[in-house]
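There are 2 protein chains.
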Amino acid sequence: MEAVKYNPIGIIHSPFKTADETPLQTRVSNGARGEIELFPEYTHGLEDLYKFSHITLIYHFHLAEHPGLLVKPGHSDSYHGVFATRSPGRPNSIGISVVRLEEICGNILYIENIDIIDGTPLLDIKPFIPILDRQYATTLGWLADEFDGS
Amino acid sequence: MEAVKYNPIGIIHSPFKTADETPLQTRVSNGARGEIELFPEYTHGLEDLYKFSHITLIYHFHLAEHPGLLVKPGHSDSYHGVFATRSPGRPNSIGISVVRLEEICGNILYIENIDIIDGTPLLDIKPFIPILDRQYATTLGWLADEFDGS
Chain A
310 MEAVKYNPIG
320 IIHSPFKTAD
330 ETPLQTRVSN
340 GARGEIELFP
350 EYTHGLEDLY
360 KFSHITLIYH
370 FHLAEHPGLL
380 VKPGHSDSYH
390 GVFATRSPGR
400 PNSIGISVVR
410 LEEICGNILY
420 IENIDIIDGT
430 PLLDIKPFIP
440 ILDRQYATTL
450 GWLADEFDGS
Chain B
310 MEAVKYNPIG
320 IIHSPFKTAD
330 ETPLQTRVSN
340 GARGEIELFP
350 EYTHGLEDLY
360 KFSHITLIYH
370 FHLAEHPGLL
380 VKPGHSDSYH
390 GVFATRSPGR
400 PNSIGISVVR
410 LEEICGNILY
420 IENIDIIDGT
430 PLLDIKPFIP
440 ILDRQYATTL
450 GWLADEFDGS
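Protein chains in written order, with our numbering: chain A, 310 to 459; chain B, 310 to 459.
Do not rely on the hints blindly, as some may be mistaken.
As the list makes no split between identical chains, a pair holds if one copy fits it or if it spans any two.
[Unchecked claim] Result set (DSBU-like, lysine-lysine): computed pairs, CA atoms no more than 30 Å apart in a straight line:
no.	residue 1	residue 2
1	K314	K326
2	K381	K314
3	K381	K326
Hints were generated in silico from the structure; no laboratory data involved.
Chain A on its own, in the form it takes in the complex (with noise of 0.2 Å):
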């Protein structure tokens, strides 16, 4: 099957500088905020975005090293399949955040919940949709201990 290629349509600035202090979650990061340096020739997309005040980012970790199908998360014991996991190292490294839209200032947009390293390269911004994006009566596996599955 055709590999997929994605051109970058922008950068996310964080205060996180390396793996270490990037938060694993949005909700452990303690409100910080970043910006998202959208390519100009991509502002148009931005027409009336303003009015969620929650985006879904994608994108790239340009960081991660993929360390095989077995991972042992940070918070973890012990080994689970990768996709089990939300680690950044996946045989395709790409994340997902939920994060607080704050302004969008011409290109740049302000974001608050920011669990991204700096210089990230952003693949696509989606507006968050509560009944679309979440499920109710949901069970949570080896996680089941530190997350509530409500």
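Could you slot chain B onto chain A? The hints should help.
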């Protein structure tokens, strides 16, 4: 900035053979079932995934054309910036869907609530974790009349 290249990890098989019959969202798919055929070399990466009730699929809208930065989604009367919509035709045509995971047999995943066209190349699978993937106090911009923000 350098282009990013991903190799599909599998194919999504679905009852929907054309764009017209494919539901716009998982919530209006009426429980439609499909299968993911993961390429066998990735099967070990599924370990522990069966314990999750819902998974996030990241895939390539392989049939989508990119119509420009302003788009008129099927359910809207007016044009919006492409990043304020979930239209398949986007600068990087990446799709995300949260589906229910019914069963895994070897390299085949049986899924429910599919809103994806048959033959779609799969790029990644992540466990769905509500506390990471949803946000409260959401405002929904031009979609506020259509959806509830809660």
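Results of checking the hints against the structure:
1. K314 with K326: Both: 27 Å inside a copy, 24 Å across copies.
2. K381 with K314: Result: close both inside a copy and across copies, 29 Å intra and 25 Å inter.
3. K381 with K326: For K381 and K326, only the intra-copy Cα distance (23 Å) is at most 30 Å; the inter-copy one is 39 Å.
Checked against the numbered hints above, the structure violates none of them.
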